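Colleague: Here's the letter readout for the chains.
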Amino acid sequence: MSLAAVILSLLLSPLLLSVINRSKALLAGRRGAPVLQPYFDLVRLLKKGAVYSDVSAGLVQLAPVCNLAALMLCALLVPLGPLPALVHFQGDFILLAYLMGLGRFVTMLGALDTGSSFEGMGASREAFFAALAEPAFFLAMAGLAKMTNCQSLTGMLQTISIQHWQHNAPSLLLILVAFFLVFLAENARIPVDDPTTHLELTMIHEVMILDHSGPDLAMIEYGVALKIWLMAAIAASILVPPGTNPLWLLLFLVLMALIGGLVGLVESSMARLRLIRVPQLLIGAGVFAGLALFLEFVQ
Amino acid sequence: MSPLILLILLPFIGGLVALIDGRSRIRSALWALAGLLGGLAAACRPVYFVLGTGTPFVLHLPWAMAGGNFQLMLDPLSAFFLLPVVILGPLFGLYGIPYMRHYSGGGYRHGIHWFFYNLLAVGMVLVLTARNGLLFMLAWEVMSLAPFFLVLFHDWDKKARSAAWVYLVAGHLGGVLLLLFFLFLGTSGHSLDFSTFHPLSLSPSFRHLLFGLAFLGFGVKAGIVPVHVWLPEAHPAAPSHVSAYMSGVMIKMGIYGILRAVLLLGGPVYSWGMILVVTGVVSGILGVLFALAQHDLKRLLAYHSVENIGIILLGLGTGMIGISQGSPAVAVFGLAGGLLHVWNHSLFKGMLFLGAGSIQQQCATLEIDELGGLKRQMPKTAFCFLIGAVAICGLPPLNGFISEFLIYFGAVHGQAILPAAGSWPLLLTLAGLALIGGLAAACFVKAYGIIFLGSPRSSHAEDAIETGPSMYLPMGLLAVLCISIGLAAPLFLHLVRQAVTVFLPTFLPLAPFGDAAHQLEIISLVGAGVILFGLGFGLLRYLLLRNRQTGREATWGCGYQYPNVRMQYTASSFARPITLFFDAILKTRVKGGVVGELVATGVGLQTDTPDPLTRFCFTPLLGAISGFLGLLRWMQHGRVQLYILYIIATLFVLLAALAGGWL
Chain A
1 MSLAAVILSL LLSPLLLSVI NRSKALLAGR RGAPVLQPYF DLVRLLKKGA VYSDVSAGLV
61 QLAPVCNLAA LMLCALLVPL GPLPALVHFQ GDFILLAYLM GLGRFVTMLG ALDTGSSFEG
121 MGASREAFFA ALAEPAFFLA MAGLAKMTNC QSLTGMLQTI SIQHWQHNAP SLLLILVAFF
181 LVFLAENARI PVDDPTTHLE LTMIHEVMIL DHSGPDLAMI EYGVALKIWL MAAIAASILV
241 PPGTNPLWLL LFLVLMALIG GLVGLVESSM ARLRLIRVPQ LLIGAGVFAG LALFLEFVQ
Chain B
1001 MSPLILLILL PFIGGLVALI DGRSRIRSAL WALAGLLGGL AAACRPVYFV LGTGTPFVLH
1061 LPWAMAGGNF QLMLDPLSAF FLLPVVILGP LFGLYGIPYM RHYSGGGYRH GIHWFFYNLL
1121 AVGMVLVLTA RNGLLFMLAW EVMSLAPFFL VLFHDWDKKA RSAAWVYLVA GHLGGVLLLL
1181 FFLFLGTSGH SLDFSTFHPL SLSPSFRHLL FGLAFLGFGV KAGIVPVHVW LPEAHPAAPS
1241 HVSAYMSGVM IKMGIYGILR AVLLLGGPVY SWGMILVVTG VVSGILGVLF ALAQHDLKRL
1301 LAYHSVENIG IILLGLGTGM IGISQGSPAV AVFGLAGGLL HVWNHSLFKG MLFLGAGSIQ
1361 QQCATLEIDE LGGLKRQMPK TAFCFLIGAV AICGLPPLNG FISEFLIYFG AVHGQAILPA
1421 AGSWPLLLTL AGLALIGGLA AACFVKAYGI IFLGSPRSSH AEDAIETGPS MYLPMGLLAV
1481 LCISIGLAAP LFLHLVRQAV TVFLPTFLPL APFGDAAHQL EIISLVGAGV ILFGLGFGLL
1541 RYLLLRNRQT GREATWGCGY QYPNVRMQYT ASSFARPITL FFDAILKTRV KGGVVGELVA
1601 TGVGLQTDTP DPLTRFCFTP LLGAISGFLG LLRWMQHGRV QLYILYIIAT LFVLLAALAG
1661 GWL
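Just so you know, the protein sequences line up as chains A and B, in that order.
Counting in the working numbering, the first sequence runs from 1 upward without gaps.
Counting in the working numbering, the second sequence runs from 1001 upward without gaps.
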């Protein structure tokens, strides 16, 4: 049962990227790439050779491997709607956040391994924004823990019910918004970062992986898909409490697709923020989460 | 002979022989090392016994001391803090032998150095075991004075002299507060023996005052903001094995002191936990921010000690809040996390300082922006430094995450179950720890990335070669310890258990230890999973690329044809977005960097971030005090005749007062 959650996550995660791209294409009046394009890309990259920077001292090769390993373990920790996570214990969301942190850490080192100032710039921005996103994530999780009186991710997300939305709508909404902002920042989406930008100077995530190629790039791209899938699953569970009935799974997957559509809508309707505005957005997310906690304390 | 006596005597004798045989660089070091190893051997059994059973190990000698008896005791709390002292002392000393090879000229006095190195160890052992106020203060003084001479090893260097001076002044200002603390506490009993103190006979407000004295006095040693200012001066000036010992082990004596003071004052109170949490957040965040703004590797590491002391305080404060609010889970998780972080920090910070020492010896500079690409020339040092960097950022699967997880969970659990009024500091713990963790990751990506990756930025880095095994093996051993705490976390939780229990009132159930062990078991398994998956993906990658074409090309530079090493990102540029955002706190001084003409010629940029508290608070304050005292200097002119006149005048006034009946 819980193994099913892991397998579904691993298989379907690239699909979410494709949903986002499709929705962007539709909103722009294009047809868009085939739904399975992310899979084709992965296969194509896995078949290629690789080119490395002549400055590299090995971390370029190490980073994608470690990053994907950390994200694979994340997949074990996140419940998929009504399906509980394979591994769940009190405080598992702390481990989740830090595993993602480990992935980010090695990716940043991989970027610096090329000695390129563009990649250094990307790593520097990633480090700063991630540091600001962490408190928001933890405060949001603390809010959920207090509301549901559970301290594991599976426990929290499966305990939230319609009743919580009826009684605690303001704080749940604040938590959801805070989490969504963290979700956008962590996954390098507009308004924090633009995955389709073509100017190195303005990139954050994309510029860090400029010098990766072949199977290494495939691992990174798959990691990106996995991460956005896992975080979207958490957001979806907060938005529509899935309960524990496995029959809800299909509905839940539709909801995840809708979240993908929402990301596409955000990306089509606004430009990215200026870099000096991004900290304000992330601190804002932290404030939202803190406010949610305050509301719960008052009750 | 009692192992406690041996534990003190053997390192001391080793140090003495080193002093006598001080002409020879190698022999004096070996004598000192032998003494420390003897101490380690003597410590094994009592520490194992005390941490295993929780029964204290007492040595009561009938020697009368002013204000009580010569009493030594090793309880679980002391034994917990003793372990790094006795294990890391010889290990850092071992590293110190080849490290000191670079200072074999005539002007260096190795015998004195090793004598004080051992004296530092002896002082710490005495501090941990003393059970009498006077004995404690004597030991504290020995422990505080020894590093002064260790920092002064490069006594020809004006910077080292001023650093040692700052250290001495800071340490003794703290010492004054501690003296007051013990004297006041002594009034509650009949002597200065710890066992005769009656804290509960004191009024609560007086106990708060005493806690304040102890917290500030011990806080100076621990390096809590705002009294941390000696750390970034003293650590860079000292030889690296000494920095490692001071930063990894000695500053923890401040933490021990705070905990001992809490016990002597009759156990934790809510407001003390709150104070610990608030100062912990401030120390943690400011420590890591100051670290980000530094260009000198050892200064950066010194500020990270401030940050980690903050994390330790967050854990201990959370635990104390748990005790005062009657929640065993919050108490156990907070205290266990804070205490385990004491060990963890000793390991990874010691290793990082040793790494800094290796870089200093091989590259002759610690200026981060002069280094680069060292991973190629010094792969073993680089690997150990990477382990240390991952550990200090609190990332799984290493030891830093284990202690931070316990603290996080204590805070999350506490804020969910405790009443709102009592739990707001826990939210501070939570958000503070998250921000500290993120910024620490930024700082160590900067430190590791700029120093070890990319291309060498100067000839210093270009010509570096790997150190000998006697320098990288101690680091390797520390790396192994970091990994083992990460992968066998429940085992180490078991070792912390007795030290935590010292604080718990007997009515609190101990069930949370079981929960914590269960959680840590899963975390260790997941950590092992990360490593296994990493190996698996590495194998996959190898198999895929085995028969394919791989090549090396220049780094993508948007098509620019003539890149050079100076175009790489630097440590300052990496940290700039963060330091700019927090400039209101950091007040970085920037010189140059402005392009004046249309066709730019040479443009230089210089930034430096001296400690804002030293700059804006202590320097003006101490300057004002010394200026004020300077007004009295006319009385002190060196003419003996006039001094005799002062004495006679005083006598005359006193006699007159006596005769007049005013006294």
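Among the hints, a few may not be true.
As the list claims (entries may be wrong) - Reference listing, derived: stretches of chain B covered by chain A, where coverage requires no fewer than 3 residues with Cβ under 8 Å from a Cβ of chain A:
no.: 1; stretch: 1232–1245
no.: 2; stretch: 1249–1261
no.: 3; stretch: 1415–1421
no.: 4; stretch: 1539–1547
Worth flagging that the hints you see were computed from the coordinates, not collected in a lab.
Only a predicted model underlies this, so the values are computations on that prediction, with no experimental measurement involved.
Note that CB positions come from ideal geometry on N, CA and C, so glycine has one too.
Colleague: Compare the structure with each hint and give your call.
Modeller: Hints, verified against the model:
1. Only residues whose beta carbon comes within less than 8 Å of a beta carbon in chain A count, and the stretch 1232–1245 of chain B has 0; fewer than three means the coverage is violated.
2. Given a C-beta distance limit of less than 8 Å, the hint that chain A covers the stretch 1249–1261 of chain B is violated, as 0 residues qualify and 3 are needed.
3. Residue count for the stretch 1415–1421 of chain B with a Cβ under 8 Å from a Cβ of chain A: 4. That meets the three needed, and the coverage hint holds.
4. Beta-carbon proximity to chain A at under 8 Å applies to 4 residues in the stretch 1539–1547 of chain B; the threshold of 3 is reached and the given coverage holds.
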